[in-house]
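Using the sequences and the hints, build the whole thing.
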Amino acid sequence: MTSNVMLSLAYLAGVLAVFYLAPQAARQWILLAASLLFYLSADPRMLLLAAGSALWSFAAGIGTEKAENPGKRKAWLLAAVVPELLVLFLFKYFNFFTESVGGLLSCAGLSGSLPVLKLMLPLGISYYTFKLVSYNADIYLGKLEAEKGISGCGAYLTYALFFPQIVSGPIERPKNFFAQIHQGLSYDAGLFAEGLQRIVLGLFKKMVIANRLSAYVDTVFGAPQDYPGLACVMAAFFYSFQIYCDFSGYSDIAIGMGNLLGLKCGKNFDCPYFSRGIKEFWSRWHISLSSWLRDYIYIPLGGNRVSAFRRGVNVMAVFLVSGLWHGASWTFVIWGGLHGIWNLFARKKEAGASLPRRIWQTLVTFFGVTLGWVFFRAESFLTALSFLKRAVLGFSLSYTDIQNSILPFTGDNTCAAYFLTACGFLFLLFLYERGRVYGRTREKGEAYLSEFWLALMALSTALFGVFGVSGFLYANF
Amino acid sequence: MRRVLLSIGGALLAALLLVLLKNEYARLLPASTYGMQAAIALGEADNLFIGSSMFRQGLSIDVLEEELPGTSYILSYNGNQPALMAMELSYLLEEGLEVENLYLDLYPYTAAADPWISDTKILLDTDLDFKLRAWELMAENGGASFGDFFEFFVTANNEQILTYPVNNVLVSSQFRNGGTLLQQPGSTREELYALGTLGSRDGLNAAQVEGYRQLCALAEEYGLNLYFLETPKYERMYEDADYMELYGLCLEELGRMEAQWKGSGSFEVICAGDLEFDSSDAGNFQDLIHLSAQGRAEYTRLLSMALREGI
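Just so you know, the sequences run in chain order L and A.
Going by my numbering, the residue at position 158 of the first sequence is 519; the numbering climbs one at a time, nothing skipped.
Going by my numbering, the residue at position 269 of the second sequence is 275; the numbering climbs one at a time, nothing skipped.
Since the hints were derived computationally from the structure, they do not count as laboratory data.
Note that this is a predicted model, so its numbers are computed, not measured.
A virtual CB, placed ideally from N, CA and C, is assigned to each residue, including glycine.
One should not assume that every hint holds.
[As the list claims (entries may be wrong)] Pulled from the structure, derived: some chain L residues nowhere near chain A, Cβ distances all over 12 Å:
{"hint": "1", "residue": "447"}
{"hint": "2", "residue": "503"}
{"hint": "3", "residue": "544"}
{"hint": "4", "residue": "555"}
{"hint": "5", "residue": "678"}
{"hint": "6", "residue": "778"}
{"hint": "7", "residue": "785"}
{"hint": "8", "residue": "815"}
[Unchecked claim] Example chain A residues on the side facing chain L (calculated, C-beta under 10 Å, incomplete):
{"hint": "9", "residue": "8"}
{"hint": "10", "residue": "9"}
{"hint": "11", "residue": "12"}
{"hint": "12", "residue": "21"}
{"hint": "13", "residue": "147"}
{"hint": "14", "residue": "156"}
{"hint": "15", "residue": "176"}
{"hint": "16", "residue": "180"}
{"hint": "17", "residue": "181"}
{"hint": "18", "residue": "251"}
{"hint": "19", "residue": "299"}
[Stated by the list, open to error] If we take Cβ atoms under 8 Å as the criterion, some of the chain A residues that face chain L in the derived model are:
{"hint": "20", "residue": "13"}
{"hint": "21", "residue": "14"}
{"hint": "22", "residue": "24"}
{"hint": "23", "residue": "26"}
{"hint": "24", "residue": "149"}
{"hint": "25", "residue": "153"}
{"hint": "26", "residue": "160"}
{"hint": "27", "residue": "161"}
{"hint": "28", "residue": "164"}
{"hint": "29", "residue": "168"}
{"hint": "30", "residue": "172"}
{"hint": "31", "residue": "177"}
Here it is, written out as C-alpha cells:
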C-alpha cells in the first residue's frame, strides 16, 4: 500500500467517507485508526516499534513539562531523544557504521569481523523520528505544551503516524498539527478544493514526469560505460527532475490528502530549481527537513551568533547530518559535504540583478545541484566519478551518439516519442513553475491552479501517467 | 470547489473522449512505412510476410525486392504470435489487401506463449473492433488485469500520437515496405554464449495452435500459397532441448494441418536447416535468435533462391 500512490488514494477515499460521516468529536480517532491500519498493512512487524517510540516520546514530553528544574528538564529531554535516535541508528546506520569502522581497521592493517544486523528498515522511521524529536525539543524549549490524557495521547500517535505523511513526509511540526486537531476537524470547502488541486499537481509530477524519467535514469546510471557521454549528461539532468518531481509530487499528494481531511500542512517545496543561489535553493527544497535542521541543530549549535570558524563548522554539521539522514552511505555524506562547502562560500544574491544575470545565477545553481545529485544517485563515490568521467570524456553530439542517448528510454523505436514527450512535459512544468515564481498565481494561494493548468494536468495524468512504476524515491530514506 | 470539480471532471471527460477517438481513429493517421496501415495503403503485396521480430531482423527487403517477383511486404511486430497473426491477416484481407503468397513466422516460443500483444504498434494500426477482439482473446487465455486494460486502451501509443509528425518521420525512415533498413552488427561466439538460454516453456498454447489453423483457413479461403518459415537461430538454440521439443511439436501440428490442407495454393514449411545457412557463424547473429544485417541478407538470398526454385 505504501508504495502505490493509487492504492493510497483509494484508501484515502474510504477513510474520507467514514471521516465525514462521523461526528466531529470522533474524527481524531478515525484518523488514528486509519493511520494505525495503514501502518499495520504496510509494515505490521514494525508498528509496535513505531507506536512504542511515540508513546515513550509522549510520556517523556509530560515528564519534561512537569520537571521542576532545568536539570531535570534536560534529563527528560535526553531520556526522550536518545532512545529515539538510538533506534534510528540501530536500524539505519549500525551496519554502515560497522562497515566503515571495518574498512578503517583493514586500512590500518587490522583484521576482525564486526557484527552485521539483518534488520528491515521500519516504514517512515527517518520521518517519524524527526517528528518525535521536534515534539520533545519544542516542549523543552517551552515552545509547546505537552499533550496529555487519552485524547492527547491519541492526538500524539496520530501526529507521529499520520498516514499521508508516514511514507515520505513532510516532517510536520507538532504545534501546527495539534492546534488543528484540538480545534476539531471539520469540512472546509476551500481547503478541500486546495487539497484536490495539490493532489492533481502531485500526480502530474509523480506519474507523468518522475515515473517517465525513472527507466531512463536507472538504465544509464546502471551502466554508464555502455552509453555515450551525452546519455550520462542527459541522465544527470533527468535525475534532477525525477527526484524533484518524485519527492515534491509526493509532498503535494500528502499535503493534499491532509487538506481533504481538514488539516492544513506547511509546504515542502517552492519551485527550488528557480533558485539563484544555493542558500535560496535550501530555502525552497525539502523545506520541512531544512527548517528542522536549522531549528534543532544549527541554532542550538550557535547559528550565526558565533565566530566565522564555528559558523562554518555548524553549517558543515547541518549538511553532513542532512546527507546522512538521506541514507547510510558515504555517497550521501559526500553529497551533504558538497552542499555544505558550497553554502559556506555562497553569498546572498542581490535583489535588483538584471534579467540575464538572474538567468545565469539560476542556471549555475541548477547545474551545481545537478552535479551534486550524481553523487547522491550513484552506488558509490567511485561510480559517481566514473559516471562524471564518462559524461565529460565520452561527450559528443554526433548523430549516432544522439540516437544512442535517446534509445535508453524504451530500447526500441518508440524511444524518440518518449523522449519528446518527456521534454514536452518538462517544458510544461517549467512554464507552470515560472508562473508560480514570477507570475501572479502565487497571490491566489499556495496551491492555486488555474482552470487551464488543473484541466491540463488532470488530462495529462489520465492519458500520460506511467502507472507501472511503484514507490517513491524518498520513501527509501 | 465548483471550479476545481468542473475542471477535473471536464478533463476526465475529455480524456474519455480522446481515448475513444484514439482507439477507433488513430489508424487514420498518415501511414508509416511499416505495420498494417502501411500494408493496407500499399494495396497489394504479392509476397506478404507476417511474423515477429524474427522476420524484421531476419528478412532483407532489399534482397526480397531483387529476388522475388512482385511486391514484397514484411509485417512484423515484436513478439507477434500465431493467434494475433491470424487476426492481423483477417483484418488486412478484409481491408482489401491483395495477397498471393503468404509467409508466416514459425517461431516455437511465440506458439508456446499465452496470447498477448507485446507490440503496441498493433493497437495504433487497427480499429476498436480489432482491439476488443484481441482483448477478449488475451483476457480469456492470459488472465489480463485492470492495469493491462488501462494500458491497452488508455495509455498505449499516446506518446507516439502526441509526437506523430516528428516521430513518424524518424521511425519511418528506418523501414521500407515493413523491412528494416538498419544495419545491425554481428556478434562474437563469446558474446552469444554469454547471453544464456531463453528458458523453458510448457508445451504449445492451444490458442496459438488455433491461430495456426485460422491462418490456414484464411489461406484456403483466399486461395493463397502458404509458407511457414523458420528463420535461422544461432547453433546454441538447436542444442537447447526445450527449444527443439517445442520446435518438434510445431512441426507436428503443421504436419497435421498440411495433411488436411484443401487450399488451391501450395503449403510448405521451410526450416532454416533446409537452407545452406551457417548457423554457427556468430557474425550472422545479433543475438541467439535475431540475425545481423549480414545474416539477414544471406538468409533472405538463400530463401529467395529456394522459393524461386519451388515457384
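Verification of the hints:
1. Against the 12 Å criterion, residue 447(L) stays outside the reach of chain A, whose nearest CB is about 42 Å from its own CB.
2. For residue 503(L), the requirement that its beta carbon stay farther than 12 Å from each beta carbon of chain A is met, with the minimum near 40 Å.
3. With a least beta-carbon separation of about 21 Å from chain A, residue 544(L) lies farther than 12 Å from that chain, consistent with its non-interface assignment.
4. Residue placement check: residue 555(L) does not keep its beta carbon more than 12 Å from all beta carbons of chain A (closest about 8 Å).
5. Non-interface call for residue 678(L) relative to chain A: holds, since the shortest CB-CB distance, roughly 44 Å, exceeds 12 Å.
6. A beta-carbon of chain A comes within 12 Å of the beta-carbon of residue 778(L); the shortest separation is about 4 Å.
7. With a least beta-carbon separation of about 7 Å from chain A, residue 785(L) fails to lie farther than 12 Å from that chain, contradicting its non-interface assignment.
8. Chain A draws residue 815(L) into its interface by the beta-carbon criterion, the shortest separation being 4 Å against a cut-off of 12 Å.
9. Below 10 Å, beta-carbon pairs count as interface contacts, and residue 8(A) has one with chain L at about 9 Å; its hint therefore holds.
10. Interface hint at residue 9(A): satisfied, since its Cβ lies 6 Å from the closest Cβ of chain L, which is below the 10 Å cut-off.
11. Hint status for residue 12(A) relative to chain L: holds, with the closest Cβ pair at about 8 Å, below 10 Å.
12. The interface hint given for residue 21(A) is met, as the beta carbon of that residue sits about 4 Å from the closest beta carbon of chain L, less than 10 Å.
13. Annotation: interface hint on residue 147(A) violated; nearest CB of chain L at approximately 22 Å, more than 10 Å.
14. A cut of 10 Å between beta carbons decides the hint on residue 156(A): the least distance to chain L is about 7 Å, and the hint holds.
15. Among the interface hints, the one on residue 176(A) holds; its C-beta lies about 5 Å from the nearest C-beta in chain L, closer than the 10 Å criterion.
16. At its closest, the beta carbon of residue 180(A) sits 6 Å from a beta carbon of chain L; the interface hint therefore holds under the 10 Å criterion.
17. The beta carbon of residue 181(A) is positioned within 10 Å of a beta carbon in chain L (closest approach about 9 Å), and the interface hint is therefore held.
18. The beta carbon of residue 251(A) is not positioned within 10 Å of any beta carbon in chain L (closest approach about 30 Å), and the interface hint is therefore violated.
19. For residue 299(A), the interface hint is violated, the least distance from its beta-carbon to any beta-carbon of chain L being 16 Å, above 10 Å.
20. A distance limit of 8 Å between C-beta atoms decides the matter here; for residue 13(A) the minimum to chain L is near 4 Å, and the interface restraint holds.
21. Given the 8 Å rule on beta carbons, the hint for residue 14(A) holds: about 5 Å separates it from the nearest Cβ of chain L.
22. With a cut of 8 Å, the hint placing residue 24(A) at the interface with chain L holds, because the nearest CB-to-CB distance is about 7 Å.
23. Against a cut-off of 8 Å between C-beta atoms, the interface hint on residue 26(A) is violated, since the closest Cβ of chain L lies about 12 Å away.
24. At about 17 Å, the closest approach between the beta carbon of residue 149(A) and any beta carbon in chain L exceeds 8 Å, and the interface hint on this residue is violated.
25. Annotation: interface hint on residue 153(A) holds; nearest CB of chain L at approximately 7 Å, less than 8 Å.
26. Taking 8 Å as the C-beta contact cut-off toward chain L, the hint placing residue 160(A) at the interface holds, the least distance being around 7 Å.
27. Checking residue 161(A) against chain L by beta carbon gives a least distance of about 7 Å; that is within 8 Å, so the hint holds.
28. A cut of 8 Å between beta carbons decides the hint on residue 164(A): the least distance to chain L is about 5 Å, and the hint holds.
29. A distance limit of 8 Å between C-beta atoms decides the matter here; for residue 168(A) the minimum to chain L is near 6 Å, and the interface restraint holds.
30. At its closest, the beta carbon of residue 172(A) sits 6 Å from a beta carbon of chain L; the interface hint therefore holds under the 8 Å criterion.
31. With a least beta-carbon distance of about 5 Å to chain L, the hint placing residue 177(A) at the interface is held under the 8 Å criterion.
Taken one by one, the earlier hints fail for this structure at numbers 4, 6, 7, 8, 13, 18, 19, 23, 24, listed in ascending order.
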